[in-house]
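K.L.:
For chain U, the structure is supplied; the task is to place chain B on it using the hints.
Protein chains: 2
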Amino acid sequence: MKLDKRSDFSEWYNTVIREAEIIDDRYNVKGFVVHRPWGMRIIKAVYKIYEEALEKRGHEPVLFPTVIPEENLRREEEHVEYFKAEVFWVTHGADKLLPRKLALRPTSETAFYYMYSYWIRSYRDLPFKAYQSCSVFRYETKATKPLLRGREFLWIEAHDAFPTPEDAYRQVREDMEIAREVIYGRLAIPFIFFQRPQWDKFRGAEYTFAADCLMPDGRFNQIASTHYLGQRFAKAFNIKFLDKDGVWKYPYQTCYGPGIWRILAALISIHGDDHGLILPFDVAPIQIVIIPIPSKDVEYDSLISYCRIVEDQLRSRGYRVKLDSDPEVTPGAKFYFWEFRGVPLRIEVGLKEMVNRSVTICRRDTFERIEVDLEKLQSTIEDLARMILENLRSRAERDLESRIVEASSIEEVGEAVSKGTVARAPFCSIDYDGESCGEKLKEIYSAEVRGVRIDIEEKPPEKATCIVCGRPAKHYVYIGKSY
Amino acid sequence: MKLDKRSDFSEWYNTVIREAEIIDDRYNVKGFVVHRPWGMRIIKAVYKIYEEALEKRGHEPVLFPTVIPEENLRREEEHVEYFKAEVFWVTHGADKLLPRKLALRPTSETAFYYMYSYWIRSYRDLPFKAYQSCSVFRYETKATKPLLRGREFLWIEAHDAFPTPEDAYRQVREDMEIAREVIYGRLAIPFIFFQRPQWDKFRGAEYTFAADCLMPDGRFNQIASTHYLGQRFAKAFNIKFLDKDGVWKYPYQTCYGPGIWRILAALISIHGDDHGLILPFDVAPIQIVIIPIPSKDVEYDSLISYCRIVEDQLRSRGYRVKLDSDPEVTPGAKFYFWEFRGVPLRIEVGLKEMVNRSVTICRRDTFERIEVDLEKLQSTIEDLARMILENLRSRAERDLESRIVEASSIEEVGEAVSKGTVARAPFCSIDYDGESCGEKLKEIYSAEVRGVRIDIEEKPPEKATCIVCGRPAKHYVYIGKSY
Chain U
1 MKLDKRSDFS EWYNTVIREA EIIDDRYNVK GFVVHRPWGM RIIKAVYKIY EEALEKRGHE
61 PVLFPTVIPE ENLRREEEHV EYFKAEVFWV THGADKLLPR KLALRPTSET AFYYMYSYWI
121 RSYRDLPFKA YQSCSVFRYE TKATKPLLRG REFLWIEAHD AFPTPEDAYR QVREDMEIAR
181 EVIYGRLAIP FIFFQRPQWD KFRGAEYTFA ADCLMPDGRF NQIASTHYLG QRFAKAFNIK
241 FLDKDGVWKY PYQTCYGPGI WRILAALISI HGDDHGLILP FDVAPIQIVI IPIPSKDVEY
301 DSLISYCRIV EDQLRSRGYR VKLDSDPEVT PGAKFYFWEF RGVPLRIEVG LKEMVNRSVT
361 ICRRDTFERI EVDLEKLQST IEDLARMILE NLRSRAERDL ESRIVEASSI EEVGEAVSKG
421 TVARAPFCSI DYDGESCGEK LKEIYSAEVR GVRIDIEEKP PEKATCIVCG RPAKHYVYIG
481 KSY
Chain B
1 MKLDKRSDFS EWYNTVIREA EIIDDRYNVK GFVVHRPWGM RIIKAVYKIY EEALEKRGHE
61 PVLFPTVIPE ENLRREEEHV EYFKAEVFWV THGADKLLPR KLALRPTSET AFYYMYSYWI
121 RSYRDLPFKA YQSCSVFRYE TKATKPLLRG REFLWIEAHD AFPTPEDAYR QVREDMEIAR
181 EVIYGRLAIP FIFFQRPQWD KFRGAEYTFA ADCLMPDGRF NQIASTHYLG QRFAKAFNIK
241 FLDKDGVWKY PYQTCYGPGI WRILAALISI HGDDHGLILP FDVAPIQIVI IPIPSKDVEY
301 DSLISYCRIV EDQLRSRGYR VKLDSDPEVT PGAKFYFWEF RGVPLRIEVG LKEMVNRSVT
361 ICRRDTFERI EVDLEKLQST IEDLARMILE NLRSRAERDL ESRIVEASSI EEVGEAVSKG
421 TVARAPFCSI DYDGESCGEK LKEIYSAEVR GVRIDIEEKP PEKATCIVCG RPAKHYVYIG
481 KSY
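Protein sequence lines, in the order shown, are assigned to chains U and B.
With my numbering applied, the first sequence has no gaps in its numbers, which climb one by one up to 483 at the end.
With my numbering applied, the second sequence has no gaps in its numbers, which climb one by one up to 483 at the end.
None of these hints come from the bench; they were simulated from the model.
A quick note: this is a predicted structure, and the numbers were derived from the prediction, not measured.
Hints are not guaranteed to be accurate.
Sample of chain U residues at the chain B side, in silico, Cβ under 7 angstroms [stated by the list, open to error]: (1) V29; (2) V34; (3) P37; (4) E60; (5) V62; (6) F64; (7) H92; (8) A94; (9) L97; (10) M115; (11) Y118; (12) Y139; (13) E152.
Note that CB positions come from ideal geometry on N, CA and C, so glycine has one too.
In isolation and in its complexed conformation, chain U is listed as follows (with noise of 0.2 angstroms):
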């Protein structure tokens, strides 16, 4: 199997989701997916981190039932107007029809802030912060791609409320750093934090944030989002909390989800390369694998009891270490083969590393390789895996940046984005008065205009004009395709 990511990014995309068994597309429901070990241990320390950083700011973990009643939905009037050409229902208990029909979650603000009108009565109970993990779903029609578009997706969901807009805002900008702790820091995947155009805003919120990185084939995926929802579930939900001063108040509302799905599929696509997953350390399932090399001046058994010495050292430090000691295969082709799964550090062990009480330890990034005496061998392993993630990330990061192309009109728009790059260019509004120049790039170029920077302050020139239609431009915008 010859993979090329650069020339053939779906190709290489589908090869490695399947043959490292991340995900198995065999299932037979159309866009509903079988999550398999390596992938599945993959989430679950991607969940793991998500979890712990959300918790270490105050928020808490609940789980609500998976549906939620049509009435509920049909509380907000915008949010049921979108949501509802993408719900599954169901309908029947056994053979009898139930007496309302119920929506498997496609999100689930109408579940938790039903609950929270009986959870918040006081401002003593603001803020409050909670967090789901599980599964959502949509009835796509759009064709479905594993761990990018699905009919059912894991996520996490963030749902809080506060006393003042203020303090609403404060968490939008906390969501940013979250994200920028776990999914730049621990899992070095660079993003941009944007602010959406108004047209594109989740249904139901006054305002939408989001963090979108790039994929190799230059399009936007948007790994979390995080929304400012005023006060209009509140009302919708009639939330309510007593206030010092006496006054019953509506509180101020936020929602925050991170794409689990999303984020692996960015794990992925940027940091793999034509040998397969390139995984970081912390998240990788395995993250040092040990393979015997053996020769004619060594035996076998005595090779292996060096390697599990090795191992056991490895382990009661705390790794996530396995020996592959099968005699039968090759160590070529465990080395392809755990090349390929992308775990970070391999360590090879010949005759000359017994001699040496030594150890080779080789780099999945970059294929170095070096001798290291076992005394050294945990201090080099945890240097090894802070350089990893930060050549990850600075190649990635290197790569987001050659990809930005300025554009000073529309047709710069159409050339960035034909050559699989985006465009930043100086555009009218985000606001609604804005949204025909938006249509008009998407029906032209498939292009999408992704919003402005929150993350960093970029204002145009005093002069710029909008490269759709000439009247003065308020921002610069990223324009490209999305997922």
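P.N.:
Using the frame of chain U, we list chain B on its own:
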């Protein structure tokens, strides 16, 4: 709120799960409940321990879709016959009728084994052992009860395949060991492992085995079950492996379902007392709560500073610890609050402790209090954690033993059952030919034959006769009410 577990268990149970914020049953779909943070943290801890025990024995994590197409369910005749009366059906996507209806998984044999026919091809693929942690759905017509019977509930399901029946039976034993290690060992819940009567087996299985604990109202609570499936599903799903001898064969399968909900219900009910929950150290969301005891002779700030030293010391050792420093709440109210939630250890700090560089520790299970020097704090906590677990376990064991009554006539069975105990009695047979005797007990006393113990060997004397029909008794069985 006055609790009395002994005289009104049902009231006690409902109050505890509501007030300790385990479950909220006010969600507006019948039989579906919300898991609140305190409950969710315990659940996550139980999952973690169970998953580790499964993985240690070679089970790999997977995650299957929530939906199963009708045709999969239909492949195994007995299985569909039973479950079709309990299945919720998804019939629509948006306003479109789906081409075929999809079941919300009531259990996932027919999803897993569809894929196993792709994944299992050679004897090298065996044993094949995988599990998923998920919720399942049953259209219950009986009254639901949080954590005991719900229309959506949490469990783990493990699905294993082996080359021989002996291997599969060994897995049944291993499943029992895992239950013992986790449920008895870590959670201090004693149980009996039964082979269930043939008329009460899992539909689609050849034999069913199950762990029952005994609730305070004398009802059996099935907390885990494991099923010997033989080759029935393998044949239904055409799962075949090429054996060493070059012949294609059907594997022998088992499936195992630890009920996370049921285990939590047992944990709450068996260990709790009239002050609320009592949690084993390993699964307590907060293991140690520190409560400052202010007095006229000590400045509040310096008291809190000292508490923080204690807190930091414990946190750095990895304990889940909380300093409850709210000056507006009295120590008594704090005691009450954390006792109710089952925090296993309370540390009290007042002037005396500050002066002595000590703390006073109070055990939740016995309310014993001891003063301990700071230097001995960690070792004391380790000891106490172990002692609490042992005390909970022996208390629960004594209770279980005291509730098993010997019965040598059907009247004695009735008497035992009416008193909230269970009967051990000689019985003709748990094969199908004993079914009418089982039916009779159900009719007269609403009591079930739970089966024959497989954790210990119990043979009735030579001439013992069945307490129902008077035929020779093959076994001792246990008879009681259940959830």
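K.L.:
If a hint holds in the structure, say so; if it doesn't, say that too.
P.N.:
Each hint tested on the structure:
Because the smallest distance between the Cβ of U/V29 and any Cβ of chain B comes to about 5 angstroms, under 7 angstroms, the interface hint for this residue holds. Because the closest C-beta pair between U/V34 and chain B is about 5 angstroms apart, less than 7 angstroms, the hint holds. Interface hint status for U/P37: upheld, as the beta-carbon distance to the closest one in chain B is roughly 4 angstroms, under 7 angstroms. Against a cut-off of 7 angstroms between C-beta atoms, the interface hint on U/E60 holds, since the closest Cβ of chain B lies about 4 angstroms away.
Because the smallest distance between the Cβ of U/V62 and any Cβ of chain B comes to about 6 angstroms, under 7 angstroms, the interface hint for this residue holds. Contact between U/F64 and chain B, as hinted, is supported at the beta carbon level, the nearest pair being about 5 angstroms apart and thus within 7 angstroms. Interface hint status for U/H92: upheld, as the beta-carbon distance to the closest one in chain B is roughly 4 angstroms, under 7 angstroms. At a threshold of 7 angstroms, the smallest CB-CB gap from U/A94 to chain B is about 5 angstroms, leaving the interface hint in force.
A distance limit of 7 angstroms between C-beta atoms decides the matter here; for U/L97 the minimum to chain B is near 10 angstroms, and the interface restraint is violated. Taking 7 angstroms as the C-beta cut-off, the interface hint given for U/M115 holds, the closest approach to chain B being about 6 angstroms. Of the supplied interface hints, the one on U/Y118 holds, with its beta-carbon coming within about 6 angstroms of a beta-carbon of chain B, less than 7 angstroms. Interface restraint check: U/Y139 against chain B, minimum CB-CB distance 3 angstroms, threshold 7 angstroms, status holds.
With a least beta-carbon distance of about 6 angstroms to chain B, the hint placing U/E152 at the interface is held under the 7 angstroms criterion.
Going down the numbered hints, you'll see the structure goes against just number 9.
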